[in-house]
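*Asks:* Take a look at the letters that make up each chain.
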Amino acid sequence: MHKIWAVIRREFVERVRTRAFLLSTILFPVFMAAMVVIPGLLMSRSTGTQRLAVVDATTDELGQRMTSTLEAARIGKGEEAPSRYTVTRFPAVGRAITVRDSLLPVTGRSRKAEGGYEGILVISDSTVTSGKAYYYGANVASFDDMRELEQTLRPMVIARRLEGMGVDLGQVMQAVKGIDLETGKVADGKLTGESGAATFALAYAMGLILYISLLIFGNQVMMSIIEEKNNRIVEILASSLTPFQMMLGKVVGVGLVALLQIGIWAGAATFFSANQQKILGGMGVSASGPMAFAVPSMSPGLLMVFLVFFSLGFLLFAAAYAAVGAMCSTTQDASQMQMPVMMFVLVGFFSVFALIRDPNGTAAHVLSFVPMLTPFVIPMRYSISPLPPLELGTAILVTVAGMLAIVWLASRIYRVGILSYGKKASVRDMVRWIRTA
Amino acid sequence: MSSSVVKVDNVTKRFSGHTAVDQLSLDVPGGGIFGLLGPNGAGKSTTIRMIMNIITADEGKISVLGGESSRDLSGRIGYLPEERGLYKKMKILDQLTFFGEAKGIHRKTARAKATEWLAKLGISDWALKKVEDLSKGMQQKVQFIGALLHEPDLVILDEPFSGLDPVNSQVMKDVVVDLARQGKTVLFSTHIMEQAEKMCDRIVIISRGKKVVDGSLAEVKREFGGRHVALTFTRHADRAARVLADRSLVAKVDDYGATAECELAETGDADRLLRTLVQEDVGLARFEVVEASLQSIFIAKVGIEAATAPAKETVHA
Numbered sequence: 001m002h003k004i005w006a007v008i009r010r011e012f013v014e015r016v017r018t019r020a021f022l023l024s025t026i027l028f029p030v031f032m033a034a035m036v037v038i039p040g041l042l043m044s045r046s047t048g049t050q051r052l053a054v055v056d057a058t059t060d061e062l063g064q065r066m067t068s069t070l071e072a073a074r075i076g077k078g079e080e081a082p083s084r085y086t087v088t089r090f091p092a093v094g095r096a097i098t099v100r101d102s103l104l105p106v107t108g109r110s111r112k113a114e115g116g117y118e119g120i121l122v123i124s125d126s127t128v129t130s131g132k133a134y135y136y137g138a139n140v141a142s143f144d145d146m147r148e149l150e151q152t153l154r155p156m157v158i159a160r161r162l163e164g165m166g167v168d169l170g171q172v173m174q175a176v177k178g179i180d181l182e183t184g185k186v187a188d189g190k191l192t193g194e195s196g197a198a199t200f201a202l203a204y205a206m207g208l209i210l211y212i213s214l215l216i217f218g219n220q221v222m223m224s225i226i227e228e229k230n231n232r233i234v235e236i237l238a239s240s241l242t243p244f245q246m247m248l249g250k251v252v253g254v255g256l257v258a259l260l261q262i263g264i265w266a267g268a269a270t271f272f273s274a275n276q277q278k279i280l281g282g283m284g285v286s287a288s289g290p291m292a293f294a295v296p297s298m299s300p301g302l303l304m305v306f307l308v309f310f311s312l313g314f315l316l317f318a319a320a321y322a323a324v325g326a327m328c329s330t331t332q333d334a335s336q337m338q339m340p341v342m343m344f345v346l347v348g349f350f351s352v353f354a355l356i357r358d359p360n361g362t363a364a365h366v367l368s369f370v371p372m373l374t375p376f377v378i379p380m381r382y383s384i385s386p387l388p389p390l391e392l393g394t395a396i397l398v399t400v401a402g403m404l405a406i407v408w409l410a411s412r413i414y415r416v417g418i419l420s421y422g423k424k425a426s427v428r429d430m431v432r433w434i435r436t437a
Numbered sequence: 001m002s003s004s005v006v007k008v009d010n011v012t013k014r015f016s017g018h019t020a021v022d023q024l025s026l027d028v029p030g031g032g033i034f035g036l037l038g039p040n041g042a043g044k045s046t047t048i049r050m051i052m053n054i055i056t057a058d059e060g061k062i063s064v065l066g067g068e069s070s071r072d073l074s075g076r077i078g079y080l081p082e083e084r085g086l087y088k089k090m091k092i093l094d095q096l097t098f099f100g101e102a103k104g105i106h107r108k109t110a111r112a113k114a115t116e117w118l119a120k121l122g123i124s125d126w127a128l129k130k131v132e133d134l135s136k137g138m139q140q141k142v143q144f145i146g147a148l149l150h151e152p153d154l155v156i157l158d159e160p161f162s163g164l165d166p167v168n169s170q171v172m173k174d175v176v177v178d179l180a181r182q183g184k185t186v187l188f189s190t191h192i193m194e195q196a197e198k199m200c201d202r203i204v205i206i207s208r209g210k211k212v213v214d215g216s217l218a219e220v221k222r223e224f225g226g227r228h229v230a231l232t233f234t235r236h237a238d239r240a241a242r243v244l245a246d247r248s249l250v251a252k253v254d255d256y257g258a259t260a261e262c263e264l265a266e267t268g269d270a271d272r273l274l275r276t277l278v279q280e281d282v283g284l285a286r287f288e289v290v291e292a293s294l295q296s297i298f299i300a301k302v303g304i305e306a307a308t309a310p311a312k313e314t315v316h317a
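Sequence lines, in order, name chains A and B. The first sequence: position 141 = 141 (my numbering), numbered continuously. The second sequence: position 272 = 272 (my numbering), numbered continuously.
Calculated directly from the structure, the hints in this document are not laboratory data. From a predicted model like this one, the values you see are computed outputs, not experimental measurements. Keep in mind that a hint or two might mislead.
Derived list of chain B stretches under chain A, where covered just means 3 residues or more per stretch with a C-beta under 8 Å from a C-beta of chain A [stated by the list, open to error]:
| hint | segment |
| --- | --- |
| 1 | 84-97 |
| 2 | 184-192 |
Simulated crosslink set (EDC-like; lysine to aspartate or glutamate; CA at most 16 Å straight-line) [unchecked claim]:
| hint | chain 1 | residue 1 | chain 2 | residue 2 |
| --- | --- | --- | --- | --- |
| 3 | B | 130 | A | 14 |
| 4 | B | 136 | B | 83 |
| 5 | B | 88 | A | 182 |
| 6 | B | 252 | B | 291 |
| 7 | B | 61 | B | 9 |
| 8 | B | 198 | B | 291 |
| 9 | B | 129 | A | 14 |
| 10 | B | 89 | A | 227 |
| 11 | B | 88 | B | 132 |
| 12 | B | 136 | B | 159 |
| 13 | B | 88 | A | 148 |
| 14 | B | 89 | A | 14 |
| 15 | B | 198 | B | 219 |
| 16 | B | 113 | B | 151 |
| 17 | B | 91 | A | 14 |
| 18 | A | 3 | B | 72 |
Using N, Cα and C, we set each Cβ at its ideal position, and we do this for glycine too.
Here chain B stands alone, though its shape is the one from the complex (with noise of 0.2 Å):
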């Protein structure tokens, strides 16, 4: 891996009254994909913004790809902002060609380029018609465009797969994929975890301001450790919340209905765990000893009460 490509030292930022960013220190590394985790209002858009330099920074430094305003190396930075904004009346094909023009690419490779996006992402027969007239699924693709067709070696995305379909959030996913398979790096925001789980390289969770938790996905889950075993019963789902609120057994829980997430207690183990649920006859489909999923660690972290995450009831017995 490289040097760093994004640096954030010791940055906060104040907006009258609150501190939305407290000393928040962040270190991405060229190539491969950072996820910048937490939850809703933790100042993970913030962040981005003052990496982007649309607001400053109250204290601490940013430098991006060694420099330090990002808009100077604006093209070589692609930027999905999470307010999505496009101009209503314009046409997609122009509207890229302006966006591609704006970050300074010439106007006809632009073009060319929009043209090659468009068709990767299936909406070719769009591109001669104006934004009103598009879903909200594929503005977001042409958002998503706007910020890649200037082939930049950074990419920072807010939020990139919120509000998009299964299929589309496939496709996004793909391109970013591919974009890491390149060697760009990729900075993206979410507060979902299972899509950081399955993308991220890296990960920091920030959550009211300040980082909780730093690191390479593998470190993560190695440090915060602990035995857990990921359950799916088919049948008495009763019988089964009756078991896993046994503390001496298991220590806690991530029920979501038919499956569920368990940390072992330190005096349960897993061959007893299995036991008791097959005595208790609920139809194990699944019962396999895992690493803490990054959604329990990132609940255990942040905090039940910020999670925004689905599910967050505990069993109660």
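Looking at chain A on its own, in the form it has when it is part of the complex (with noise of 0.2 Å):
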């Protein structure tokens, strides 16, 4: 015990102590926080007042009416937002395109050039017949701008003709208000005060947490051994240790970093969803709509229930991913002998998504105890409605056998593999060093 001990220590500490560990464990929260803070300002940047020339070719009233609209649209809500456009209105009737045509050298400036347009509207009557407008500016592949632009204009176009048939417009906005379903998830027969997103959102994240920890420090056993191979430290650590100390120890420290790099990462995402609005606010954006960030709350059952099925799930295929590395003498043999070990990381990942739908149907079930799959099923389905103890019991069961017999498989490779050299293992190898007394 206290070799293994001192297998885990040495992982452990080696590893956190790298500049990589330090970088991944800080720029993975900065990369994050850029996601869903660059958006926020690229939008607020790009939403300023623009100044639009409005080219009226209309016979009627209709310009007008429009140019009054777009002048009352605002950036945001509320009567002291900023106004999206500025307006300047060129009656034109039967000479929309000359006007057009004078306008064009001044039009398609920056933003922050004085004087000028940035863009040119050009309505008619056709423009409620048809449905056509013109613009012309240089931010016509901005989707943005272009969508708030019709947007604007479309509830007076519609407005306009269902006048012209005599509709009251009041009466079909009363008619046409769709429903908003809002959804409230009930677990053990209570209200949780989750939404539908939330508990979604958590099933993934849990699912995505363990992909990607799996990857990454599959990989890093993987390497490590591979390196132990290469250097020749393994005589010596073989002349003192078991091979199943050598592999426990330094799967279960490289599981403890990941747990360490997570935690970090958990704790970092819940301080900035508690505290975006002093964050966000002090980086001059507003911290509402789509930039809102929450990170879902778990029960402590749930978290639980991650940690145990996190656990069993890495040291399984850490476990697998230690056998391949021993079979190897190269990164490039490793990264194709790993392949059915991502494989079924993979098909866990995915099954994730494809169970969420119908978390309690007969392939949830039957997946539910597959050894390789269970640490991705189960905490989804118990996300979403906690599973009976007993079936709980038995995925752990389950779960547990199945690892401990992939960890046994692994250590009889891994005993035999480390101190082969040379090319790599085939299959009739592994199984040959499997049976191995």
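With the hints as a guide, bring both chains together as one complex.
*Replies:* Right, here's the structure in full:
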């Protein structure tokens, strides 16, 4: 036991001390935060007030009404929000093209430049009849700008048409009002206060964390075994430790590093989400709408289930990665040989998506008893509705049994593999190694 | 001398197609320095790895310190593998502490011992440096410490002196001799005969996986017999070579240019050789009737083509 601790400590301490660990620990939350903040920053910049020239070729008051509608449009909500457009109207009945052409030299300037217009909107009587309006500007590729403009104009045009048909706009709006489905999750016969989106996000996040950890840290286990083989330190280790001690120490040590890193990230995410108003406010970005970011809360029961299955899953897959590492002498060989292990990781991860629609269906029940997949499937199912204790217990037993079987197989491969150099092992070698007493 | 510490009994190991070790038996008694000698590829490292239970023998039995598996007794054995390996990114002191812990001694003790050894070998200043910053010789010292810091009863060193400069070689040699003086058993392999001759109490020479010589150094020399003369001449090497090529006088020559070791022929005697050499005016600086050197025994037993030690050429008249 003492020796395994020594190996675990070495793996943990040496890994945590590396610059790579520090960088990835810091950069990942920075990256995540950037994903939230940067679109917000970009959006707030692109929604400055635009100077618009309206070339009005309409023969009635439509052009006037449209101009005032545009002038009334605001960025964001509330009366004090800045205007979306400053509009200059050019009456141009019968000579829309001439007026447009005369405006072109002062159009398409950058927003910061003085004078001129960012775009020209050409409307005519046919805007109502055929729904055609024309826009000329440098920002025509901006999907958001164009959509914004369309949305501002559309109700006006529709209202105008309805008026023509003698229908009251107010009544129509009343009639076409949609319904808004508010969701609330029921678990254990109680309302949990979680929405459907939050439930999905949580189930997805748990699968993603396991998936990423396995890919990153499973690979690290594999690579460090190949490194130990290549610099032959493995001979010194093998003369002092049993292969089982070496392998288990490494897998657990690396696993603890993974847990530490995820813990730091989860902590950072929770902190950020709790204080995002302050943080974003400090950066001059409003924390509303699409940028709102919330860490789904986890019940203690779910957290336990997740940690149990994360640990079991990590041990199971990391042991498999260790066996692959022991079978190879070069990283190139390893990237080929790890494919079967990776397949299971992928299948597990994607089964979360497949099963989330029907978490208590037959497929979900069956996959809950496949040891390689349970670490993905069970936390997902549990997050949607807690499993009966019997089913949960059985799933844990199955996973533990599968984990032990894989660790046992892996340690037998590892035992022979770590001291075999040269070409990578074949499946036949592998079977022979497992059978060697 | 106590009973045997390492016993290798009729052990055979085959690697795809060739037999690396062929029915080899060794008996390493407790205490003293045991040399496992042989040319490159003779099976020395394979034998040592089997003793260390890193690879398993195809046939035969090995017992170490009275047990079957050396790993169970790893705390009493120190091992320096031929293929040196250290964690490159780890600090020296941490690395040595880990090696100690892997051998089952307590963390604090391991740290204290490591510090002590680093001071003894004069590399204390490097204790907190990473392995990758060290020269090869220093890395070898670190590994050497790794094999010894848990105070093993049996120390197995695979080519401990290869790649070391004379000064470091001397330091390591002193440590090894000191261990033997403390009653520890040292088993080491080498193909450098001068070293083995100066240090070993007992030797085994293997060639192509088979044992060719076994016994105490004195026994081996006595058995090999012959009358040998060690010579050093200071001029007219060509004339000296001509004298030594006389097969009625000299049976065999191991010529190093300025020095030579020769075995007298049945018909020759030392007096006549001395007279002839003086006549030829070769400026004799040394003329000594000696026992055969391990080098010449090695070459005679292993065969000149298999030997890798320097100066293999004989003189052609």
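*Asks:* Does each hint fit the structure? Answer for all of them.
*Replies:* Verification of the hints:
| no. | hint | in the structure |
| --- | --- | --- |
| 1 | 84-97 | holds (count 8) |
| 2 | 184-192 | violated (count 0) |
| 3 | B:130 / A:14 | 12 Å, holds |
| 4 | B:136 / B:83 | 13 Å, holds |
| 5 | B:88 / A:182 | 58 Å, violated |
| 6 | B:252 / B:291 | 14 Å, holds |
| 7 | B:61 / B:9 | 5 Å, holds |
| 8 | B:198 / B:291 | 14 Å, holds |
| 9 | B:129 / A:14 | 14 Å, holds |
| 10 | B:89 / A:227 | 12 Å, holds |
| 11 | B:88 / B:132 | 5 Å, holds |
| 12 | B:136 / B:159 | 15 Å, holds |
| 13 | B:88 / A:148 | 59 Å, violated |
| 14 | B:89 / A:14 | 8 Å, holds |
| 15 | B:198 / B:219 | 15 Å, holds |
| 16 | B:113 / B:151 | 9 Å, holds |
| 17 | B:91 / A:14 | 10 Å, holds |
| 18 | A:3 / B:72 | 13 Å, holds |
The earlier numbered hints that this structure contradicts are 2, 5, 13.
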